[in-house]
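Can you build the whole structure from these sequences, using the hints too?
Given next are the chains, with one letter for each unit.
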Amino acid sequence: MRHAAVTYGAALAAMLAAGCGYTPPGKPNPADRPRTPAQITDFDFLFQQNCTGCHGDDGKFGPAPPLNDPIFLAIVPDAELLDVITNGRDGTPMPAFARRLEGPLEEDQIKIIAEGLKKHWKSSKLSEDKLPPYTVAAKDEATSTADTEAGKKVFARACASCHGDNGQGSSEGHKPGRINDPDLLSLMSNQTLRRIIITGRPDLGMPSFAEDDGRPGDYQPLTSEEIDALVALLASWRNQPRSGATVTLNVRK
Amino acid sequence: MKQDSPMMQHLKHAAAWCDHRLGISEVWLPMMRHPVPKSVEGPMGWWYVFGSASLTFLMIQILTGIGLAMVYVPSASEAYESLLYLDYEQPLGWFLRALHYYAGSGMVVMVLVHMTQVFLQGAYKYPRELTWVVGVFLLLCVLGMFFSGQILRWDPDAYWGLAVAGSMAGRVPFLGPVIVHTLLGGDIIGGESLSRFFTLHVFVIPGALLGLLAVHLWLVLRCGVSKPPRPGESVDPRTYDAEYEQELKNGVPFLGEAMVKDMLFSALATIVVVLIASILGPKGPTDPPLPTMGGANPRPEWPFLWIFAMLALSPRDVETFIMLVFPVVVIVILVLVPFVSNRGERSPSRRPVAVLVVIVTYTALGVLTYLGATAPWSPKMHAWTGDAIPVSMVERSNVSELVGSTVFQYKNCRNCHALDGIGGRRGPDLTDVGTRLTRDQLIDQVSNGTPGGGLMPAFGKQITPAEMTILVDFLVSLRPEGTKPAGWATPEPSLGEAPPQAAASTDDRDET
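These protein sequence lines map, in sequence, to chains A and B. Residue 1 is where the first sequence starts when you use the numbering used here, and the numbers rise one by one after that. Residue 1 is where the second sequence starts when you use the numbering used here, and the numbers rise one by one after that.
In short, the hints are calculated from the structure, not lab data. Note that CB positions come from ideal geometry on N, CA and C, so glycine has one too. Be aware that a few hints might be false.
Between beta-carbon pairs, the in silico distance windows are [what the hints assert, rightly or not]:
1) A:149 with B:452: 48 to 58 Å
2) B:319 with A:102: 27 to 37 Å
3) A:23 with B:347: 42 to 52 Å
4) A:102 with B:89: 28 to 38 Å
5) A:146 with B:293: 47 to 57 Å
6) A:240 with B:317: 52 to 62 Å
7) A:146 with B:422: 46 to 56 Å
8) A:146 with B:435: 44 to 54 Å
Subject to a maximum C-alpha distance of 30 Å in a straight line, what follows is the list of computed DSSO-like cross-link-like pairs (lysine-lysine) [stated by the list, open to error]:
9) A:118 with B:411
10) A:111 with A:60
11) A:175 with B:411
12) A:175 with B:484
13) B:38 with B:249
14) A:111 with B:411
15) A:130 with A:111
16) B:411 with A:60
17) B:249 with A:27
18) A:119 with A:60
19) A:60 with A:175
20) A:119 with A:152
21) A:175 with A:152
22) A:111 with A:125
23) A:60 with A:125
24) A:175 with A:122
25) B:261 with B:38
26) A:60 with A:118
Here it is as structure tokens:
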């Protein structure tokens, strides 16, 4: 009898102790405390709300160039990341995110994203020294004929097998489609072109400047000058007359 | 017999003195023991528990409300912060808020169930018409408490709820401006508006509610509890009183099984509400009260979602009618119920119209509430930067289509148009739009929007020709693998090689 009483007493005490330490699921979690948009300083949340729409969940498999890309993060200068997120890229669908330019983010939030990209996804295995520099030679569109001619040779060696002899597209292998389209090229900056040539699209199967997937057997990694020549060639296609493809807007009054 | 101790004698004397002055055993006890029809003791008596459950929730509301009022600061600059203090710092403050919200919700549910039971069982008929009418106004008080309570949260839901209420009131002919001024404590929403709603929530509406409740309870005592209905027993005002008096001669005291049923059900309802409150936690406050926040997604509280949906889905011309005339019509109909039918059968099995009215009303309210909760007509403000393009679309896209989809996001198309079900629902989901519209039709739709000033704005002046071309490349590509774009004509053998029309209509762009 006494034994039973002790057992029940102990059980009751244990239940009470458990009850005191128990947190009901309805108790608000301090981490969920509401914040103004300007108070959010969490990289994952900022990235999800502002970047995934174009750059994809987890920074890849989006339509825009992946940010979770080891080569890109190895070569892109910190200042460039900060500048592009702040001011956007003129003429392209990359918008300015700074509040002073009518964007949604405060300057310190932009800094959190810019710095967070490398913190989260940069690989320590890749050294910047062995990669071509990020910055393009000709930011504007001025290119010389010599560059374009050199570009054609590089194109035949490094790009034509997938993109067609003149960038008109090819049915072989992956489906890259036509890249000599002036409308398409007018929405891509020279810097973006250089970056894509260097990094490829690892998420979508486009090889980087150094990989020989789908390229001739004697393929050698492209040099920085060759990449600039390619950019010059693509930039020259941008200025081609449009082949009747331009849309005429039919704005009703 | 053992003599009481002097202490006990004094106590008994004091109790008798109080009883004599207060009339407890003379007036109150007989009142509690008032007879109710015998069949209330049976299983039918369980239909009679919802009114007392509403009363139990009211008690919880008063107690939790007092607790909350000790911490809550009814000032525009501190109200929101004081709620955060309750949620995150005050021990069990969050539970107090949660219980106040869910017991309030429970009160609305119980009042509605109670009214539905009274309606279905014809308990509002002679001589209980006035009990019903007072009940209708009690329902309005409970809804008024819910609305004014939401305003006290002082978050975007509250702010915009007030803005909508203000602009609705502003449409009242002649008196509109005066009502708005009185309601908001000025011409615009500000600190005074919060003070007004605090006063409404804590003094004015509860005062009216308790007054009406006293009348309601007195009427219940005075007219007696209705007998559970049986098919074939009909109410005739000429003979009802005598029949009911006869019924009560075989009646049982309320202070017996009837009360036990009430208490058991109220206890169960309280346990359910306490559990819900501790599992779901307090409601809001949502984002901080910044009227400039473009991404705010305000919603009215659940008892008002149906009217929110009705307003959103109705043509503009009938808005004022729904805001001002419709509620009055509903209230008048509810008040008139016992006067339109105050005699005849009470059993639901003999009153198909009443049953049908209940089914139709609750179905309509349910559907509208669901629509109000999902609000597919509201744009999703973060979709363009936050909702990724589905990976399957990215993987099958060519370069133009990839850049086209970034233009799609950049131009905020996603805020109204979902892809694979993700994104805004204001416009159609565009996952298969390439099978429905040709290149030309897409260009026309994007440039000019919906004809006649419809839902979709015209983007023609906000988009460059290059962006349009690339965007439409992407839209045309939105179709299941292997299907042809809309407008693709299969060559007829007799005519030789007919050109594919969709591809050739505007340009020579690659359609494969």
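Verification of the hints:
1. Distance hint check: the CB atoms of residue 149 of chain A and residue 452 of chain B are about 55 Å apart, consistent with the given range 48 to 58 Å.
2. A hinted range of 27 to 37 Å for the beta carbons of residue 319 of chain B and residue 102 of chain A is consistent with their spacing of about 32 Å.
3. Here the CB-CB span from residue 23 of chain A to residue 347 of chain B is close to 50 Å, well matched to the stated 42 to 52 Å.
4. A C-beta distance of roughly 37 Å is found between residue 102 of chain A and residue 89 of chain B, which places it inside the suggested range of 28 to 38 Å.
5. The given range of 47 to 57 Å is respected by residue 146 of chain A and residue 293 of chain B, whose C-beta atoms sit roughly 54 Å from each other.
6. The supplied range of 52 to 62 Å is met by residue 240 of chain A and residue 317 of chain B, whose beta-carbon atoms lie about 53 Å from each other.
7. Between residue 146 of chain A and residue 422 of chain B the CB atoms are about 48 Å apart, so this pair conforms to the stated range of 46 to 56 Å.
8. At roughly 48 Å, the beta-carbon separation of residue 146 of chain A and residue 435 of chain B lies within the given 44 to 54 Å, and the hint holds.
9. Proximity of residue 118 of chain A to residue 411 of chain B is assessed by CA-CA distance (about 28 Å); at most 30 Å being required, the pair is judged to hold.
10. Proposed proximity of residue 111 of chain A and residue 60 of chain A is supported: the alpha carbons are some 20 Å apart, at most 30 Å.
11. The hinted pair formed by residue 175 of chain A and residue 411 of chain B meets the criterion: a straight-line CA distance of about 26 Å does not exceed 30 Å.
12. Among the hinted pairs, residue 175 of chain A with residue 484 of chain B is consistent with the structure: their alpha-carbon atoms are about 17 Å apart, no more than 30 Å.
13. About 9 Å separates the Cα atoms of residue 38 of chain B and residue 249 of chain B, which keeps this hinted pair within 30 Å; it holds.
14. Distance check on the hinted pair: residue 111 of chain A and residue 411 of chain B sit about 25 Å apart at the alpha-carbon level, within 30 Å; holds.
15. As the CA atoms of residue 130 of chain A and residue 111 of chain A are separated by approximately 27 Å, the hinted pair is consistent with the 30 Å bound.
16. At most 30 Å may separate the alpha-carbon atoms for a hinted pair to count; residue 411 of chain B and residue 60 of chain A meet this at roughly 21 Å.
17. For the suggested pair residue 249 of chain B and residue 27 of chain A, the alpha carbons sit about 53 Å apart, so the restraint of at most 30 Å is broken.
18. Simply put, residue 119 of chain A and residue 60 of chain A have alpha-carbon atoms about 16 Å apart, close enough for the 30 Å limit, and the pair holds.
19. Under the criterion of a C-alpha separation no larger than 30 Å, the hint pairing residue 60 of chain A with residue 175 of chain A is consistent with the structure, at around 18 Å.
20. Restraint check for residue 119 of chain A and residue 152 of chain A: the C-alpha separation of about 38 Å exceeds 30 Å, so the hint is violated.
21. Distance check on the hinted pair: residue 175 of chain A and residue 152 of chain A sit about 21 Å apart at the alpha-carbon level, within 30 Å; holds.
22. For the given pair, residue 111 of chain A sits about 24 Å from residue 125 of chain A by alpha-carbon distance, which is consistent with the 30 Å threshold.
23. Taking the CA atoms of residue 60 of chain A and residue 125 of chain A, the gap is about 19 Å. The hint holds against a cut of 30 Å.
24. Under the criterion of a C-alpha separation no larger than 30 Å, the hint pairing residue 175 of chain A with residue 122 of chain A is consistent with the structure, at around 29 Å.
25. Proximity of residue 261 of chain B to residue 38 of chain B is assessed by CA-CA distance (about 14 Å); at most 30 Å being required, the pair is judged to hold.
26. Among the hinted pairs, residue 60 of chain A with residue 118 of chain A is consistent with the structure: their alpha-carbon atoms are about 14 Å apart, no more than 30 Å.
In summary, the structure is inconsistent with hints 17, 20 from the numbered list given earlier, while agreeing with the others.
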